[in-house]
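Protein sequences appear in the order of chains A and B. Residue numbers are given in this note's numbering: position 99 of the first sequence equals residue 99, and the series is strictly consecutive. Residue numbers are given in this note's numbering: position 77 of the second sequence equals residue 77, and the series is strictly consecutive.
Check before you lean on any hint, since a few could be wrong.
[Stated by the list, open to error] Label-pair restraints from in silico Cβ distances:
{"id": "1", "chain 1": "B", "residue 1": "Ala167", "chain 2": "A", "residue 2": "Gly127", "range": "37 to 47 Å"}
{"id": "2", "chain 1": "B", "residue 1": "Asp41", "chain 2": "A", "residue 2": "Ala33", "range": "33 to 43 Å"}
{"id": "3", "chain 1": "B", "residue 1": "Val151", "chain 2": "A", "residue 2": "Gly155", "range": "11 to 21 Å"}
{"id": "4", "chain 1": "A", "residue 1": "Arg66", "chain 2": "B", "residue 2": "Gln148", "range": "46 to 56 Å"}
{"id": "5", "chain 1": "A", "residue 1": "Leu213", "chain 2": "B", "residue 2": "Asp6", "range": "53 to 63 Å"}
{"id": "6", "chain 1": "A", "residue 1": "Arg164", "chain 2": "B", "residue 2": "Ser49", "range": "39 to 49 Å"}
{"id": "7", "chain 1": "B", "residue 1": "Val12", "chain 2": "A", "residue 2": "Ala129", "range": "17 to 27 Å"}
{"id": "8", "chain 1": "A", "residue 1": "Gly177", "chain 2": "B", "residue 2": "Thr153", "range": "15 to 25 Å"}
{"id": "9", "chain 1": "B", "residue 1": "Arg48", "chain 2": "A", "residue 2": "Ala153", "range": "44 to 54 Å"}
{"id": "10", "chain 1": "A", "residue 1": "Glu71", "chain 2": "B", "residue 2": "Arg78", "range": "21 to 31 Å"}
{"id": "11", "chain 1": "B", "residue 1": "Val12", "chain 2": "A", "residue 2": "Thr212", "range": "22 to 32 Å"}
For the record, the hints were derived by calculation from the structure and aren't laboratory data. Cβ atoms here follow ideal geometry from the backbone N, Cα and C, with glycine treated the same way.
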Amino acid sequence: MHGEDPFVEDVAAYALGALEPAEAEALQRHLVACAVCSDELSAFEAASRRLADSVPVYRAPSALRRRVLSEVCGGGRRSSVRSRRTWGIGVLRGVALAAAVVSAVVAVVDVTGTRSAPARVYRASVGQASGRAWVRVAAGHGELVVRDLAQPAAGEVYEVWLQRRHGRPQPTSALFGVTTRGSGDVAVPGSLRGVVRLIVTQEPVGGSRTPTLPAIISAQLA
Amino acid sequence: MVHGRDCDAFAVLFERHVDAAYSLAYRICRRRNLAEDIAQDALLSVWRSGSSFDAARGSVRSWLLGIVHHRAIDALRRESVRAGRDTSDDEAVSLLPAPERTDAEVERHDQSDQVRGALDALPVEQRMVIDLAYFHGLTHIQIAASLQLPVGTVKGRMRLGLNKLHAALTEPTEAVS
Numbered sequence: 001m002h003g004e005d006p007f008v009e010d011v012a013a014y015a016l017g018a019l020e021p022a023e024a025e026a027l028q029r030h031l032v033a034c035a036v037c038s039d040e041l042s043a044f045e046a047a048s049r050r051l052a053d054s055v056p057v058y059r060a061p062s063a064l065r066r067r068v069l070s071e072v073c074g075g076g077r078r079s080s081v082r083s084r085r086t087w088g089i090g091v092l093r094g095v096a097l098a099a100a101v102v103s104a105v106v107a108v109v110d111v112t113g114t115r116s117a118p119a120r121v122y123r124a125s126v127g128q129a130s131g132r133a134w135v136r137v138a139a140g141h142g143e144l145v146v147r148d149l150a151q152p153a154a155g156e157v158y159e160v161w162l163q164r165r166h167g168r169p170q171p172t173s174a175l176f177g178v179t180t181r182g183s184g185d186v187a188v189p190g191s192l193r194g195v196v197r198l199i200v201t202q203e204p205v206g207g208s209r210t211p212t213l214p215a216i217i218s219a220q221l222a
Numbered sequence: 001m002v003h004g005r006d007c008d009a010f011a012v013l014f015e016r017h018v019d020a021a022y023s024l025a026y027r028i029c030r031r032r033n034l035a036e037d038i039a040q041d042a043l044l045s046v047w048r049s050g051s052s053f054d055a056a057r058g059s060v061r062s063w064l065l066g067i068v069h070h071r072a073i074d075a076l077r078r079e080s081v082r083a084g085r086d087t088s089d090d091e092a093v094s095l096l097p098a099p100e101r102t103d104a105e106v107e108r109h110d111q112s113d114q115v116r117g118a119l120d121a122l123p124v125e126q127r128m129v130i131d132l133a134y135f136h137g138l139t140h141i142q143i144a145a146s147l148q149l150p151v152g153t154v155k156g157r158m159r160l161g162l163n164k165l166h167a168a169l170t171e172p173t174e175a176v177s
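For reference, chain A alone in the conformation it holds in the complex (with noise of 0.2 Å):
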């Protein structure tokens, strides 16, 4: 019977490449044999082949368009996608690197000079001693960006939570630490429309369903 088998929770470990290589091997063996975890692992692997999706999605340098097409379709080639507008650039490091203004809007660019809806950078409070951090949000979507904050406490993560209208901060399963320089990129789930806030509060490790306030990072969106 398949509840016995002794691989079928390998499965879903191998096709999130998770396994130890002698493990992998083992299944990779025993799947030649068996259809029912072939077939699971089918369905595991289209799930997990998804999970790229979930990934924001940022504009790759010019200069990696140039060598890939260039070496692909000679020096002469050039691609037709048009040059960043490294004046955007600048303005949003500015940005960045402005002085602290407590949950306001500091800055609406519109880096990408195209159709797309503007990227909007908001500046965050930090109940710490040290830390700073904002919020990216383009096209729905969001980066929370931290720099010089403290580690969690041990056996403690930090928590992002999104606050819409009217209702209670609802967790999300960013769950993150930071570097030993304290610095930190994480990507929001799920779309900021109608997202008012942005909380980050210290968690257990694997999260919690009600935040521990108060909160570390407030960022007001709206």
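Place chain B on chain A using the hints.
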């Protein structure tokens, strides 16, 4: 088309998917230069080995992103960049959201929303093990150690999470509730 060494066809494929390839690499390794190298290697490998693409196993996009994912995780493990997974302020703010230029890109945006929604619907403990495995390249043993859980629990959560994810992405009408 790419198989036939058609430069124009490759250029179309390139423009359609380069942003996604770069973004996935960056999401995993968190270094712009490394992400560029990974995306470049993956795209050139598509050009060189287009004949290995099997349409029965998915789209060109998922094939390319699969290559990017494998290379990014390999790089992550090989170079131990996790310890230095850091970006300067300049690096963080110079990432520009890719514009939506075509209907196809708008559709991909919708698909992206669907995946994020499906992930959000998972219990947080299942989301976490999937995230640590897929985006951080951790093995189930490493995840178990870092979360102080039995390895069987980690594998079980992966299995439950992927099962729900697959159901949500293939039966959207049931997953929306």
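Indicate whether the distance between the beta carbons of Glu71/A and Arg78/B respects the range 21 to 31 Å. 23 Å, holds
If I claimed the Cβ atoms of Gly177/A and Thr153/B lie 15 to 25 Å apart, would that claim hold in this structure? Distance hint for Gly177/A, Thr153/B holds at roughly 21 Å.
For the pair Arg164/A and Ser49/B, does the Cβ-Cβ distance stay inside 39 to 49 Å? With Cβ atoms ~47 Å apart, the hint holds.
Within 37 to 47 Å or not, the Cβ separation of Ala167/B and Gly127/A? Between Ala167/B and Gly127/A, where Cβ atoms are some 40 Å apart, the hint holds.
Take a look at whether the Cβ-Cβ distance between Asp41/B and Ala33/A falls inside 33 to 43 Å. Hint holds: Cβ distance 35 Å, inside 33 to 43 Å.
Does the Cβ distance between Val151/B and Gly155/A fall inside 11 to 21 Å? 19 Å, holds
46 to 56 Å was suggested as the range; check whether the CB atoms of Arg66/A and Gln148/B agree with it. Since the Cβ atoms of Arg66/A and Gln148/B sit about 47 Å apart, the hinted range of 46 to 56 Å holds.
Holds or violated: the 44 to 54 Å window for the beta-carbon distance between Arg48/B and Ala153/A? 49 Å, holds
Verify the CB-CB distance for Leu213/A and Asp6/B against the hinted window 53 to 63 Å. 59 Å, holds
For the range 17 to 27 Å, tell me whether the beta carbons of Val12/B and Ala129/A fit it or not. 52 Å, violated
Holds or violated: 22 to 32 Å for the Cβ distance of Val12/B and Thr212/A? 50 Å, violated
Hints 7 and 11, counting from the list given before, are not met by this structure.
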